[in-house]
Structures are given as structure tokens and as C-alpha cells.
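Participant: Now for the letters of each chain:
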Amino acid sequence: MAETMATREAYGKALAEFGAKYENLVVLDADLAEATKTGTFKKAFPDRFFDCGIAENNMICVAVGLALSGKIPFASSFAMFAAGRSYEQVRNAVGYPHVNVKIGATHAGITVGEDGATHQCCEDIALMRTIPGMTIINPADGVEARLAVEAAILTQGPCYLRFGRMAVPTLFGSDYRFEIGRGVKLADGTDVTLVATGIEVEQALLAKELLAAENISAAVVNIHTIKPIDADLLTAEAQRTGAIVTCEEHTVIGGLGGAVAECLAERCPVPVLRVGVMDTFGRSGPAKELVSYFGLDAAAIAAKAKAAVALKK
Amino acid sequence: MDQARRTELTEIARRVRVGIIEEVFSAKSGHPGGSLSIADILTYLYFEEMHIDPKKPDDPERDRFVLSKGHCAPGLYSVLAQRGYLPVEDLKGFRHTDSYLQGHPDMKHTPGVDMSSGSLGQGVSVSAGMALAAKMDGSPRRVYAIMGDGESEEGQVWEAAMFAGHHHLDNLCWILDLNGLQIDGALEDVVDPRPHDAKFRAFGWNVLEVNAHDFDELETAFAAARAAKGKPTVIIAHSVKGKGVSFMENNVSWHGKAPNAEQYEIAMKDLGER
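Residue numbers (my numbering), protein chains in the order written: chain P, 1 to 313; chain S, 1001 to 1274.
Here chain S stands alone, though its shape is the one from the complex (with noise of 0.2 Å):
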């Protein structure tokens, strides 16, 4: 990837980030920590890897995405509204009774969702739906979905992952954000769900390893997953939960919380909006 472009994808990032944390100021609620941690893998695939269009978000041939860490949709819109499927200033609305932006994505209402997701577990079975549905037609269309590390602990994730690495659906590539928080504290803390290579190499997947806010890194597992043929792709993202906002990193109590004025302006600062 040549500088200009790492530079521009690092800039609208940073507006995929200002973007999350309007939302949950605004709506002083909502999942900043998961939702910063996946903001470079959220510009990565729509600015980049993904064969999509905002002015036509119901072409039957587009590139599929599933959030299915559903709860991230702060990072969903955001990314949305850079890519011009959604007004920037909507974001504001997120959560309000009054807006069409759900506190997890609802595909009936938000153009350019194309899964309604949340209850863990079901997106990445929807995506092997999708990416079998692509094989049946010889279609090219590719299906992504992001997972979190928690959202590894549902039983149907390992389902989805049998049933995907049994059809061989190499179109289907999942990015799996380690951030190793989850509500209840550290993965090693609840139930831990590592090591992931080996449980998806025994499933019959791909596996690839990235830093989470790594461009060039993101170009190559991307490209690499293209080109794995007979083989789903898992990208074992290692992320930094709250990314990017210097009191949310790492700190396991910003999964779901909104953040007061005070820690507002120092989370703007943090972004360079200040």
C-alpha cells in the first residue's frame, strides 16, 4: 500500500472513531470498547476490500457483511456514514426512539446492514448462508463477517465453523477481534475460548494472524484469504479494545458504557478533533 492511501485510510479511521464516540455520547449509552477496536478492520473492508456500491446497497451481486458481534454497530454506522450510505449527522440518533439506528443493527431499517444481528453466534452462521447461497449461483460475491473474541464461547459459532469448513466455502471470510476483554473481564478471567488457529484448522479453515490496526497487514491477510482456495478464511485480528481514546484502551470497563462531558472532550482530543 503506498503512503497516500495509508494516510487516507488512516484519516477516515479517525472519523470512523469521532463517529462512534458522537454515538454513544448522544445516546449516553452503547459499546465504544469493541466498536474502537475494529474501526481500521471496519475501513479497511469497506474502503478497500469490499465490491460495494452505496447508491445501489440492495445489488444482488454486492459483497456481503455481517457485524456479528452486533453490538459493535457504533463502529457499523460510523464506517456507514463515511462510505455514504448514511447521513454523518444521523449518527447522532443512535439509540433514540425517534432514529432508524437500533442499538444493534437492524437491516430492515439502516441501508447498507445486510444482516440484523446482536444475539451472538448467529451472524457467522448467516454469513455460511450467505457464502453457500454465492457458491449455488457461481456467483463471485464474497461474504465477511466480524466476530468478537467472547462471541467465540456460543456453541453455534463452531457449528457455523464445521458446517463452512465442511461446504469448503473459500468465498467466506470471518475476522475474529481478539481485543481478550469481554463484559465479565479478561478472556483468561471468564471462560477462555483460546487457542483459535488450532480449533479452526481442525474445523478445516484457513488461519491468518494480523495486528488490528495495521493496514499493510490487512492488505495482505485480505489478499491472502482471496486466494486460499477449498478453505474458509479466519483473520485472528489482535486488537486493542478502545483504540484510539487514551482512557478507554484496554480497560475492560468501556465495553458498554457512554462517556460523561469531561471524558467526552478528552476522547475528541485524543481523536484530533480538538
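Bound-form chain P, shown alone (with noise of 0.2 Å):
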């Protein structure tokens, strides 16, 4: 059994550990430092640490300020208050003047599990997608969460970082290399790509293993980084399979699925199934449970690439 760790869990231990390293990294919170995991930073780190009470948009602006005086704010929330509710503030304060603003959103997905629907954000990353100037980071496990933390401090600028709720498997090892934007190769195929993001990295793979079975190749790729997304990884998959399938925790609307298909419609038109939540709402269950349920397992995943590899000309 592979080690298992929430993403969450990572950025709370990663934000602890680059405190000591970068002394301008600050955190913020909005009365969920607990389950956000930042609570790892604040006793680590008290005097740089702000709870903002349960005032998201005002959060949101203080790492502002905060940030146009030097600092290096991580604000943190649910995805669905961190992108959701307070989308108008990234928009306008951090995004338009492309402030140095980190927002550290957990909960993201159907993977909240219990709490059900109005705190299962599955919008987010579309959202965040529309505003000019946004990196978006959605690492798929423990070890990418802590390299992204990392990477987001030393870039310049507004980055949108996405982690989840649930432990999932520790996929990568510490000779693991990340750089924003450049999508990663995790596996090799000739009848199909599988682009992943997320937890639907390891379901992604698993996938794989269930194509082998058929004698179907599948490639996996991991695009952690959303915006910019790696346009010539995905053209090249695109030219060498002929057939891509993005599998995504997110709806498929304005998400990877919708970002690969426009990246492909324009540079090399191929057919593109998507997996992820099909323009629904969530609902309370077991996280593992509600994986299935949305149709986000690696069995989904393998029939829609079998439907993808029988589109291909």
C-alpha cells in the first residue's frame, strides 16, 4: 500500500517549511485553518499568520495590501469561497493589476465528500481561467503540492493553487521535477492520450493498466498547471496518438477539458472526450464513493478512451 497524504495536508507542511526559508511569505485565513491545514504554518509561525474571520473578500484585498508592501501572501479557503464567492475580488484587485497575490484553495471538488453541494466546488478552475494574467496549479499528490507551494513563492504574480480534501497515493518521488506550465509525461502509448490533472492523475493511470488489459496503449500525461498550459505537449500527444481524453475533479465546462479542446481545436483538431462532472452539482458521500458515483474512476476514464480511440480516423 502506497504512502497517502491530502494535497491539503501538503501545502500546510510545505508553507511551515518555506517559512523558515522566505521571510516575507505571510498566511491568511478565513476561520478554516484547521481544515485548509494552514494551522500547521500559524503554530510554526504566529506573527505571520492573520485569521480573517469569515469575511472571504476582505481577506482576499488585506494579502493585497499586503503584498504591494513586500510581502508574499498565501490566502487561504475552500475553493468555493476562495474562488467562488470572492471572485470579484480576484478579478478586480488581484488579477487587473497582476498584484503578487497566492491563493491556497483546499476542499476543491467532489471530494469534500459529506458536506455535500454547496461547499463541493467544481467551478473553480474555470472560473480562475478567465482572468488574465492567472497561473492556476492543480497538483495530483503530496509531493507535487509541496514543489508547487515552492514554485508559486519564487513566481512573479497571481497564482490560483488547487488542493483536495481526501489523502490520495503518493505518485512521485523525490527525484520528481516540477516547473510551472510544462505538462509531465508520466507514461507511454500509441492509441490514445489520457491528460490528467489532480487526483484524476492516479486514476488516470490505473486507467491504464485497465487498456493494457485490452490491448488498448494509452500515454498519460500529468498537466498540474492549467493556465499556461503546456499548448506543445498536448499538440505533440495530440500528433502522435491522434486521440486525447482529459480526466479532471472539476465540471467539464471551462476546465482542463475545456482548455485542452481549445488548445487542440486550434493546433491540431483530434477528438477530445473529457471526463470530469458532467455540468451537475455535487452531493453528500463518502469522498472514494462519490469518485464513482460522478463517473471519475479509472473505469470511466478507460471507456472513454476506448470511445475516443474509436473516433479516431
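Any given hint could turn out to be false.
Okay, the calculated beta carbon distance ranges per label pair [unchecked claim]: (1) 54/P x 1001/S: 43 to 49 Å; (2) 1223/S x 21/P: 39 to 45 Å; (3) 289/P x 1096/S: 57 to 63 Å; (4) 118/P x 1054/S: 47 to 53 Å; (5) 1087/S x 240/P: 52 to 58 Å; (6) 21/P x 1058/S: 22 to 28 Å; (7) 118/P x 1227/S: 45 to 51 Å; (8) 1223/S x 279/P: 58 to 64 Å; (9) 1195/S x 228/P: 46 to 52 Å; (10) 1054/S x 21/P: 36 to 42 Å; (11) 175/P x 1202/S: 54 to 60 Å.
FYI, nobody ran anything at the bench for these hints, they're computed from the structure.
Quick reminder that beta carbons are idealized off the backbone N, C-alpha and C, glycines included.
Each chain sits in its own coordinate frame; assemble them with the hints.
Facilitator: Written as C-alpha cells, this is what we have:
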């Protein structure tokens, strides 16, 4: 059994680790420090942690004021509130002036689980993608989450980091290399390319095994940075395998699936089928069950991959 | 304040008002009413109160200013021009496609603008973040923000007020431009946000009230704000919307409209330019 860790857990640990290295790092939360795991940073650096209370819009703009004064603020809440409620603050106060604010959004997607639809944000990537100059990173495991946090610290400008509540297997080793905007080819294959992000990377790797049993050879690509997206890698894969399946724990509208379809429609039109939340709201249930319920598991990806292969000319 | 300085500031404020009218007349749009109501406050801030240097607009130790009621950009640009941050002749480019002077303040392209603003409620929150950063740094720099009375209907204003009071940000000073009018009419005919004094006191603020057009009262209030320890200060500035231009004064229809050529001439005469 592989080691597991929720990406939010890795986020909190990374903040505490890098707090020692980067003295301008400050962390804000909106009464969810226990859940977002920024409490780990709070414990280590209480003077650089500010709980803003249940007032996310103010928190985002306070982060802007801090950033304009030389701090590197991470503003944290659930994705629903950081990207949803505070969309306009992020758009106008962070995005438009291109301020160096990092948004650490946890509890993204349906794996929030039992809390249900009001807290299961499946629209955040779509919202953030519309903001010019916004970098969007959706790590697949704890190793990637840690590397993403440091990359965000070292990159000037607005950044939206998306983390999950559910513990997921650690996929990557200590030699894993992470670069913002650069996709990672995890497995080779010739018939179809599975393009996955976040927790769906694990499911895509499992789907590859299911497909292999049916003599379908699937490549797997991890797109941790949804904006700016690695258009060159996507184009190369489209040219090579001629069929793409996108896999994300997010609505199929405007997220990874949307970004990949837009990119390939312009650069190399091939069948692109999308695995994701099918234009619907979430519901309560254990997180793992919901992955299957919403058609995000390896079996669902394998089925879409077969359909994509069948669409090839 | 001695008479000579009062006369100087009055003349600068007059030129700021002339610039405001030039801007909206040239743009054929913009917000003259609320810009004219804060012209004296802006003049006092930029010529007396703030530690700033137009030659070093990015000095990390400068005082900060946020125009939270960003639609009054004509007032901000005009005072920045008078203070030497930008050429006075550039004001005529206001809202034109080939100009850097955007309809609402754009910090990326306008020297002296510390924060892009215009979406109401956000600027005051940003000012609280700036004040918090100064506290973290142990720096004496102060942060000022001008907000509108209509703006105080935004919920985020009170999130920010709660935050600043909680953190005892005594290096933060908001000026609330109480001209009594918002786009849809008088405050009492929309949703009356008053009384402001009791609300701010409840959030732990030091509350002062002034005549927004009296430099001596402004001097006393800003000195009291600097002296107040442990609490942020809000200066409730009782103002006349459209102040200085006869037909615009206390007339809600001049919230966001430009004068025609005939009205422009009257305005210039009112402001002593003719």
C-alpha cells in the first residue's frame, strides 16, 4: 500500500517548511485554518499568520495590501469561497493589477465528500482561467503540492493553487521535477493519451492498466498547470496518438477539458473526450464513493478512452 | 494654519477642480460630482499630510493612498498632476483610448497611483492590508483611503472595518466623503447607511467629523488621527457634491455626467478661470 496524503496536508506542511526559508511569506485564512491546514504554518510562525474570520472578500484584498508592501501572502479558504464568493475581488484587486497574491484553495471538487454540493466547488478552475495573467496549479499528490508551493513563492504574479481534502496515494518520488507550465509525461502509449490533473492523475494511471488488458496502449500526461497550459506537449500528443481523454475532478465546462479542447481545436484537431463532473452539482457521500458515482474513476476513464479510439479516423 | 498657507492650498484646490472639469469635458464622461467633493481633502493629503515624493513614486517607505471610491479618478489624477506625478496637459487624455488615464485608477500605468480601484469596497480592504504590513515591518508609514458614503453600503467595507479595528491599525486613516448623494438619489432614498459614527465606534474605530472644505478642520483632524493610538481613524467629511461649480452643487444628476460646451464655460467661470 502506497503512502497517502491529502494535498491540503502537504500544502500546510510546505507553508511551514518554506516559512523558514522565505521570511516575507505570510499566510491568511478565513476561519478554516484547521481544515485548510494553514494551522501548521500558524503554529510555526504565529506572527506571520492572520485569521481574517469568515470574511473572504476582505481577506483577498488584505492579501493585496500585504503583497503591495513586499510580502508574499497565501490567502486560504475552501475553493468555493476563495474562487467562488471572492471571484470579483480576485479578478479586480488581484488579477487586474497583477499583484503577487497566492490563493491556496482547498476542498476543491466532489471529494469534499459528506458536506455535499454547497461546499463541493467544481467550477473554480473555469472561473480562474478567465482572469488574464492568473497561474493555476492543481497538484496530483503531496510531493507535487509541496513543489508547487515553492514554485508559486518564486514566481512573481497571481497564482491559484488547488488542493483536495481526500488523502491520495503519493505518486512521485524525491527526484520528481516540477516546473510551472510544463506538463509531465508519466507513461508512454500509442493509441490514446490520457491527460489528467489533480487526483485524476492516479485514476488515469489505473485506467492505463485496464486498457492494457484490452490491448489498448494509453499514454498518461499530468497537466498540473492548467494555465498557462503546456500547448506544445498537448499538440505533440495529439499528433502522436490522435485521441485525447481529459480527466479532472471539476466540471467539464471550462476546466482542463475546456482548456485542452480549445488548444487542440486550434492546433491539432483530434477527438477530445472529457471525463469530469458532467454539468451537475455535487452531492453528499464518502469521497471515494463519489469518485465512482460521478464517473471519475479508472473504469469511467477507460470507457471514454475506448470511445475516443473508436472516433479516430 | 497660517493665512498664507491656507491661501496657497485654496489656490491648489482650485486648480485641482479646474483639472477635474477639463478631464470630464474632454472625455465627455466621468464623475465630476464626487471628484469635486473630495478636491480639498486630496489637496490637503498630497500637499500637507502624506510623506511622499513625486520623484520616488515607488519608495517602499512612502505613505500610501487608496482611492476606494475609484470613480473619482478625475480628482486623483488632477491632484497627482498638481503635485508633479504627471503632466497637467495629460489630463485631457482622460478616458481616451490612447491615454494611460483610465476611467478608474490603474496602478500599473499611472505614476503615484498605489492601488487600482473602482469596484467599491475593495480599496478599503487593501488599505487595511497595507497598514498591517507597515505594522509588521515596524515602519512609521501611514495609509490613507477615501471612500464614498454610498460605498459604505457595501458589506466588504464592514468586513474591513472589523479587521482593522481588531488589529488596532492606528496607522490607518479612512476619509468618508459624506456628500449625501449616490447614483440613484439621496442616501435616505436608496438604503441609508447612516449613522456612520456609531457603526465605526462599534468596530473599535476613532471617529472624527469635519467640514470637508475647511483646511483648518482637516489639519486638526489629521493631526488627531496621527495621535490616536491603538485604533484606526475614520474622518467623516461633510462635503458638498459638485463643490465649486454652481450648477453641480448638491445635484445628483452630476454624479457621472460631463458638461456640454456651454456648461463647461460656466464651470470655468465659477472656478475663476474666465
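Participant: Hints numbered earlier in the text: which of these fail when held up against the supplied structure?
Facilitator: Failing hints: none at all.
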